[in-house]
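Trainee: So the chains spell out like this:
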Amino acid sequence: MTTTSLRRKADPWYMPLLTLDVLAGLAMIVAVWAGLLYAKEAANLAGDEQIAQRIFYFHMGCNITATIGFLISVIGSIGYLVRRSLVWDRIAQAGVEVGTIFGFGIMTTGAIWAKPTWNTYWTWDPRLTTATITILIYLAYMLFRNGMDNRHTRARFASIYALFAFISVPFTYYSARIFRSIHPVVFDGANAEAQGGDIVGGVGATMGQTLGITITCFIILFLALFFHRWRQLNLESRIEDLREELYQ
Amino acid sequence: MASGNGSTGEPIVRVEKVAQRYGRKVVLRSVSLEVKAGEVAALLGANGAGKTTLLRILSGLDAPERGQVWLGNVPLTNAGHEIRRYVGLVSHRPLVYESLNGLENLHFFAQMYDLVEPEARIEAVLTAMDLWHRRYDPVRTYSRGMIQRLAIGRAILHDPPVLLLDEPDTGLDQESVAVLTDLIAQLREGGRAVLVTTHNWDRAERWADKIFYLADGSIEDGAEALRQR
Amino acid sequence: MSSDSLSGLLGRPVQMRTGGGAKAFLRKVWAVAAKDIRAELRAKEVASTMIVFGLLAVIIFGLAFDLRVPKSAMVVPGILWVIVLFAGILGLHRSFGAEIDRETLPGLLLAPVEPSAIYFGKLASNLLYLFLLEFCMLPLLLVMFDTNLYHPVILLGLFLGTLGYAEVGTFFAALTANTRARESMLPVLLLPVMVPVFMAGVSLTAGILDGRPVSGLTSWLVILAVFDVIFFVAAYWIVDLIWDGI
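Protein chains in written order, with the numbering used here: chain U, 48 to 295; chain H, 78 to 306; chain L, 30 to 275.
Only chain U is shown next, with the shape it has when bound in the complex (with noise of 0.2 angstroms):
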C-alpha cells in the first residue's frame, strides 16, 4: 500500500480535503483574475486610483471571510459555555485563528488601497478601526489561550473573553463613527469618499459580478483553512486524550 491509501483509509476527510485544497487554489486563480483582467475599469476615477481601486474586491473578499471567522468564533464561545464540550471550543479557536489570517489582508489592501485614494495609508475610518481593533483582540486572545495549561479552564476563560470582547465591538464600531464626524479630514483634496462613505460610487455591471466572484472564491478559501485547522485541533486533542488514557 502507498502512503496515499493508507491515509486515506485512517482519514475519511482526507478526499473531501483534499478536493477543497483544489477548489480553494482554483477559486484564487479565478478572484485574480477576476479582479484583475474581467472587472471593467470605474467610470469616474483616472491614474492611480484607477489600478488601485481593483484591490478593493480583494479587500472586500478578506472582510467577508474574516465577519465569518468572527461569528463562529462567538458561535463556539457561546456553544462552549451553554454545552461545556470542547468540539465547540475548538471551533472558536478555529474561526478566531482563520479570521486573523484574512484580518491581517483587510488592513493591507485597505492601507494599498488608501494611499493613492485618500493619500494616507492610515485613517480612522470606522470599519478599518473595528476591523483593527478586533484583530488586536483576537491575538490578546490566542495569547490568552497559551497562558492556561488546563483545557477545560483555558476554553472557559476564552469564551468568557471573546464574548466580553464581542460586547465591545459595536461601542468601538460607533465610537470611531463619531470620532470621524467631528474630527476634520487631514488630507488634501475635497474627497467625500475619506469621510467614510461608499468608496465604490456607480457599480458598474462587471464589478458587481466580479465582487460575487470574489467572495465566493474568498469564502472557498476559508472553509479550506478553517476545515483543515479545526481537524488539526480535532487531532491535537485526541492525541492529549490518548497521552491522558496512556498515562492512567
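Hints were generated in silico from the structure; no laboratory data involved. In this text, a Cβ means the ideal position worked out from N, Cα and C, and glycines have one as well. It is possible that part of the hints are untrue.
To be verified - Some chain U residues close to chain L (C-beta under 8 angstroms, calculated; not the full set): (1) PHE151; (2) GLY152; (3) ILE180; (4) PHE191; (5) PHE211; (6) ILE214; (7) ILE225.
Fit chains H and L to the known structure of chain U by using the hints.
Mentor: The following block gives chains H and L in isolation, referenced to the frame of chain U:
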C-alpha cells in the same frame, strides 16, 4: 444544627466514586467513603496521594470529573453556594488576611457567612483558640502556630455540621495539638462530622472513629493498611 | 489555646441569616470592599503605587511635550486618559493578584456568597482607587499644562469612563488572575476592549477644551453611559462562570 450526640443514622457526607485528574495526572481514581454525624474520620496517605484534592472537592472548591459528593441528601455539584454554609475547611493555607488583625479577619468572615450578632461568637472562637489577647495585632505578626489556630477558628466560626481539616496539626506545638485533640472530641460530641487528614498514624488513631487510607488514587481499608505497617 | 474555653464553642447555637436577597448581597459586596480598603490602608501597596505612578507620568509627559506643542490643551485630553488607563492597570491586577499570591481566594469562594458579590466588592474598591488617582492628577495637570479640567461635563465623562474601565478591568483581572504572566496579560486583553471608552473620553475632554457646545458632545456621554450599563449587566451574568470549578 447539631443532631444529638454520638454517631447516629444516615451519613452526612457521602462520597461516591469520585475521580479527578489534573491534566495528564490522575489524582483520584475512584474514591468512595461516608462520614456520619458525630463521627470523626481520618484520611491518611502519602504526600501527593490526593488527600488535599479530595478535600477541595468536598468543600466545593473543585468539581469532580466523575462521581458525586452528597452532603446530607443534597448533591454538591450544582447545589448552589448556600450549601457552603454547612462546610468548614482548614486548608494548607491559612485563608486569612495577614495585613488585617485577628478580630477583623473573623469579622469579615462572619459577614460573609451572614452571622447574626457575631461579636459573642467571635469572642468565643478567639478565646478558644487562645488569640483573644492578640486580637488587635495584625496577623503578619503572628507565629506560625497562631496563624494555624486562627485558620481553625475561621473554619469553625460559622459552626458548620461538616468540618474538613487538612493536616490541622501542621505548625502546632504539643500543647496546641492537645487542645486540637480536645476540639475534635468536642465536635464529635456535638454531632458534627469531621474528616481530618494527617501524616501521623498515632494522632489519626487517637482522633478518629475510622481511618481511610488513600493510596494510588483510591481508598484502601485503613485497618488493613495499619496492620501491614 | 485553653481546653476550658472550648466548651463555650458549641454551647450556644450559631445563627445565620439564610437567603436574605438583595440586602444580604449588598452587605457582602460592602464587606469585600471594606476588607480590601482596610488592608490597603495598612499595606499601602495598590492605590499609593497607582497614584505615584500617575503623578510621575504627568511629569514625564510634561517633559516630553514641553515647547514642542503649540497649545498644551491639544495634548492634555490624551495624556489624562492614557495615564488613567495605564496607572489603572497597576491597581486592577492587584485586586485579584493579591488574593492569588497570598492564596486567600479559596477563603472567599468557600463562603456562601455569589461570585458576583466578590466581583462587585472588588469593583467598588478599584473604583475608589481610580477616583483617588484622578483626584490627585487633575491639580497636577492644571499646574504642569496650565489646563483647567474642572468642567462639569469633563468630570462627568471621567466618572462614566472610569466606571466602565473599572467594570471591565476588574472582570478581566479576575479572568487573568490564574494565568501565567498575568501582569502583562491584563493590559493585552483589556486595552483593545477599552478603545471605545478611550475614544469617547478623549474626544469629550478635547471637545470641551476646544470650547465646542455641549449639545454636540452628548453622543459621547451616551456611548459611555450605555457601555457602563451593558458591561455592568454582562459582568453580573458572566462572572459566575469564572469560578465554577475546573
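Trainee: Should the interface hint for ILE180 of chain U be scored as holding, given a Cβ-Cβ cut-off of 8 angstroms against chain L?
Mentor: holds (5 angstroms)
Trainee: Given PHE151 of chain U as an interface hint, is the shortest Cβ-Cβ distance to chain L below 8 angstroms?
Mentor: Not OK, violated: PHE151 of chain U not within 8 angstroms of chain L, min 15 angstroms.
Trainee: Going by Cβ atoms only, is PHE191 of chain U closer than 8 angstroms to chain L?
Mentor: Where the cut-off is 8 angstroms and the nearest Cβ of chain L is about 6 angstroms from PHE191 of chain U, the hint holds.
Trainee: Mind checking the CB of ILE225 of chain U against every CB in chain L and telling me if the closest is under 8 angstroms?
Mentor: holds (5 angstroms)
Trainee: A closest beta-carbon separation below 8 angstroms is what the hint needs, so does ILE214 of chain U meet it against chain L?
Mentor: At about 6 angstroms, which falls below the 8 angstroms cut-off, the nearest Cβ of chain L leaves the hint on ILE214 of chain U intact, so it holds.
Trainee: Are PHE211 of chain U and chain L close enough, Cβ to Cβ, to be under 8 angstroms, as the hint says?
Mentor: With a closest approach of 7 angstroms, the PHE211 of chain U hint holds.
Trainee: Against chain L, run the beta carbon of GLY152 of chain U and see if the smallest gap drops under 8 angstroms.
Mentor: violated (19 angstroms)
Comparing the model with each earlier hint shows violations of hints 1 and 2; every other hint is respected.
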